[in-house]
Amino acid sequence: MARFMTLHDAVAACIRDGDTVAMEGFTHLIPYAAGHEVIRQGRKGLTLYRMTPDLIYDQLIGMGCADKLVFSWGGNPGVGSLHRLRDAVENGWPHRLQIEEHSHAAMANAYEAGAANLPFAMFRGYLGVDLPKVNPNIKRVTCPFTGEELAAVPAIRPDVGVIHALRADRDGNVLLEGITGVQKETVLASKRSIVTVEEVVDDFGPLNRNAVVLPSWTVTAIAVVPGGAHPSYAQGYYKRDNAFYIAWDEIARDRGSFLAWMKENVLEKGPEAFAAHGRPSA
Amino acid sequence: MARFMTLHDAVAACIRDGDTVAMEGFTHLIPYAAGHEVIRQGRKGLTLYRMTPDLIYDQLIGMGCADKLVFSWGGNPGVGSLHRLRDAVENGWPHRLQIEEHSHAAMANAYEAGAANLPFAMFRGYLGVDLPKVNPNIKRVTCPFTGEELAAVPAIRPDVGVIHALRADRDGNVLLEGITGVQKETVLASKRSIVTVEEVVDDFGPLNRNAVVLPSWTVTAIAVVPGGAHPSYAQGYYKRDNAFYIAWDEIARDRGSFLAWMKENVLEKGPEAFAAHGRPSA
Amino acid sequence: MTDFTPTEMMTIAAARALKNDDVCFVGIGAPSAACNLARLTHAPQITLIYESGTLQTRPNVLPLSIGDGELCDTALTTVSVPEMFRYWLQGGRITIGFLGGAQIDRFANLNTTVVGSYDAPKVRLPGGGGAPEIATNCGEIFITMAQSPRSFVAGLPFVTSMGHGRTGRERRDMGIKTKGPTRLITDLCVFEPDPETKEMSVVSIHPGVTREKIQENTGWPVRYAAEVVATPAPTAQELEVLRDIQARTKKAHGGSQ
Amino acid sequence: MTDFTPTEMMTIAAARALKNDDVCFVGIGAPSAACNLARLTHAPQITLIYESGTLQTRPNVLPLSIGDGELCDTALTTVSVPEMFRYWLQGGRITIGFLGGAQIDRFANLNTTVVGSYDAPKVRLPGGGGAPEIATNCGEIFITMAQSPRSFVAGLPFVTSMGHGRTGRERRDMGIKTKGPTRLITDLCVFEPDPETKEMSVVSIHPGVTREKIQENTGWPVRYAAEVVATPAPTAQELEVLRDIQARTKKAHGGSQ
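Residue numbers (the working numbering), protein chains in the order written: chain A, 1 to 282; chain B, 1 to 282; chain C, 1 to 257; chain D, 1 to 257.
Where hints are given, some of them may not hold.
[Stated by the list, open to error] List time: in silico BS3-like cross-link candidates among lysine-lysine, alpha-carbon distance up to 30 Å:
| id | chain 1 | residue 1 | chain 2 | residue 2 |
| --- | --- | --- | --- | --- |
| 1 | D | K122 | A | K44 |
| 2 | D | K177 | A | K68 |
| 3 | D | K179 | A | K133 |
| 4 | D | K122 | A | K139 |
| 5 | B | K68 | B | K269 |
| 6 | D | K177 | A | K139 |
Just so you know, the hints here were simulated from the structure itself, not pulled from any lab data.
Remember, it's a predicted structure, so these values are computed and weren't measured experimentally.
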């Protein structure tokens, strides 16, 4: 059963130096507060999985938490580059970052295979492209009935999965709605999991058609962090802070301005700072 | 885009002698009205796919529509045997029925693979059991990363998928709620599809968390048949007719009583007869 | 309390084997009665999962089938059947798989497929359904079946789902990490696998049952554990709750609507 | 109508290529603007799908990212990302995949991965995202990109997603049944593959653009189809609808909340 904890304690209990960690959320519900807590606690040597690294991994990489990144699209959506990711790959700052690169289809299937406890995922893909030449974790498997060859990648089974969800109930069941990405798969594929939520409710109430519920017994720790997905968004709570995504381009372009921003907004703050971005109280 | 048709026309347009046909519905939403229409139109030589043949395939098999059955559990749930299925397998009446037998996991994965346009499905299964000795469509595939062997079965890609759903909207989008089984996969895996529905509505309105929506452009034909899942059930419309499931045991045990029942209740009736089992009008 | 049937004793003994924090994949029939009895008595938080996709369900009457509306109405959530088999069963989320069957052998392999030869069967049974993969993907397996010479047989004509294999060594040889059948609860007694040979051995005998009666209803020479205890008789509360739910169930399933 | 920018002409020409019954997998940026312009003008029933899982969405403002809330709020339904890639893209449900890229070659292969060597890149680009599988699983591919000597290059340092392959024969040789890039819409002209060689060839030139200008902005010797037509200038209605949605978009994305 999931335990309710402070975000500090949840990160301290679940994430160790050197772990493989997946923080997921596809534009929607990106677990920024948890990412900041990992930075504050100074984790090192992490292997970070995420389809779209987004600003959250730009921050973790720029602060030196990661040794390796496994990803499929590394940009600032609609804006441009992730400058800290690029600086690590192009210039080795703050240190050399190993990368393992896939397509979205490969990573989505690999999370699905992880949740399904399979050793690998197969799909129709990686045809006529150069990625298999630079990524030894892309292989082929042959259909035993038709002889057709399909792409194969290892399943993703992280030590820790981290997501942000809308609500938990008092039993620790977790609700996601809207664009749910690969979050359910991330939790189910991971040995341990941390879920930050906007709020705890007595009852989930009426739910949208594509709501996703994670039973309490699939989750390790739940931390209540209102606004914890900012600058991404939480459907029904607050909108995506597109202006911040645009502003990040300037902040992150320069090492100095990046470090100054991180000091002021992450190292010297706590999870409660996110509440300012959450849904205004009634 | 889906076309609204009478059930007669939908079956006439979509199902031909010798087709592979999957009529799905996991206890809930079994497309009985469509099955009866296939019997009335005298289709022959069908290969029938269904995880749990249930009474609907007992009827089709007993009336001689099927040459082959692919299935994973062939009983009358909570009651006992499917006597027409047994009579076909044990005694070749009304003619010899070829069977291809799987486990639920195999068939569920095979529908999933069909919907995903894969040639085969893989899963952890069929260990230490005798089914692979009698079913050549169970093979093994080796993980190219770990060397582990997994079970493999061909994807299910029927000529026609037939399901019963709760509602369609006027654009032909289709809604399922409750226990949705493998119905979405059945439609997506099939070349053509027939969906019978309880009613057509302007708007789906508020939906449950696990609602499944099939866009109009994934469906070939929609026929409005209130009560069309009887004696199975339609969540929110009518309950499972457990008494009929129990009564079927007696009806189907004897060839004569079976044929008499089919004549009176199927051959001499039309889809409108199901309305008596639908939701009472307000 | 002596006023109970062997079937009631079996269901109650099976229910007692379940714990509050178990996540249980429930087969229809006797397993379903036992799991819900446990939920309504000593294990109110037990998580019950049916292969129709209903997660954490709390039915008020026993389902006739694996996919009754009652299961969905009272579930935390309901997932598709492919997801149930992929993420939940194969995903390793289930601690206990609860099975029944038509025939069982001394290593708790089950047959629900055919009596006679597969191609020309004497009796065609329903087949495996979820059982083959439940048997190897759940943490451990409980089985509940009434004993008779026709159901407890020396050799199975067909292995539908693996218990401890034809020799008791198959699971280990195949590298399967789950435990397989750890308990077999009948209307006469409770079996557990011998730690060495994996042969199912009697560990507990129900009230009023003799060793002779167990042997008469078992198609192989019955082995007994070093220490065999007496199964406590059903308590008044256990019987009352079981009979209540069965009465509710009978009422609910009796009438066509 | 002469008062329009080359980018507007590009978006409008791309929108015109779409039909009412297309099921379109939409990339972010120029493809998204073109697809929504088509929806708001001549193709009101076009089905737009974004890789975030939003099926049949009708955004009122253009999304900044592939997963904006606007996409979900206005969709028929939203599915998980694994389902999107398995059932919908790989499932063969998409008629048109609409891509952009950083670099393209004469066979419409795209690079969005690196400039320079992969291990020590001069410029690290975002990577493939959905493109590698969009390129082979959709019925056909439209590409829209502004032309420049740096983006339209003779040789790609890295093939992120396949067009017609390095030689134009790869798709056929691999047995791929989808058509690949059938249209490349730029700010200067429209290319289509030569029926024989599959080299992208100009079929339509935008108003005011010369062949010299096209060549100056293309890193290989440009080929022209036997018949080259003039792209009709944007209509007043096309421009009005495009500018309206871009104004709404700018307003919606401008302010932090």
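Open item on the list: Of the numbered hints stated earlier in the document, which are not met by this structure?
Closed with: Those not satisfied come down to hint 2.
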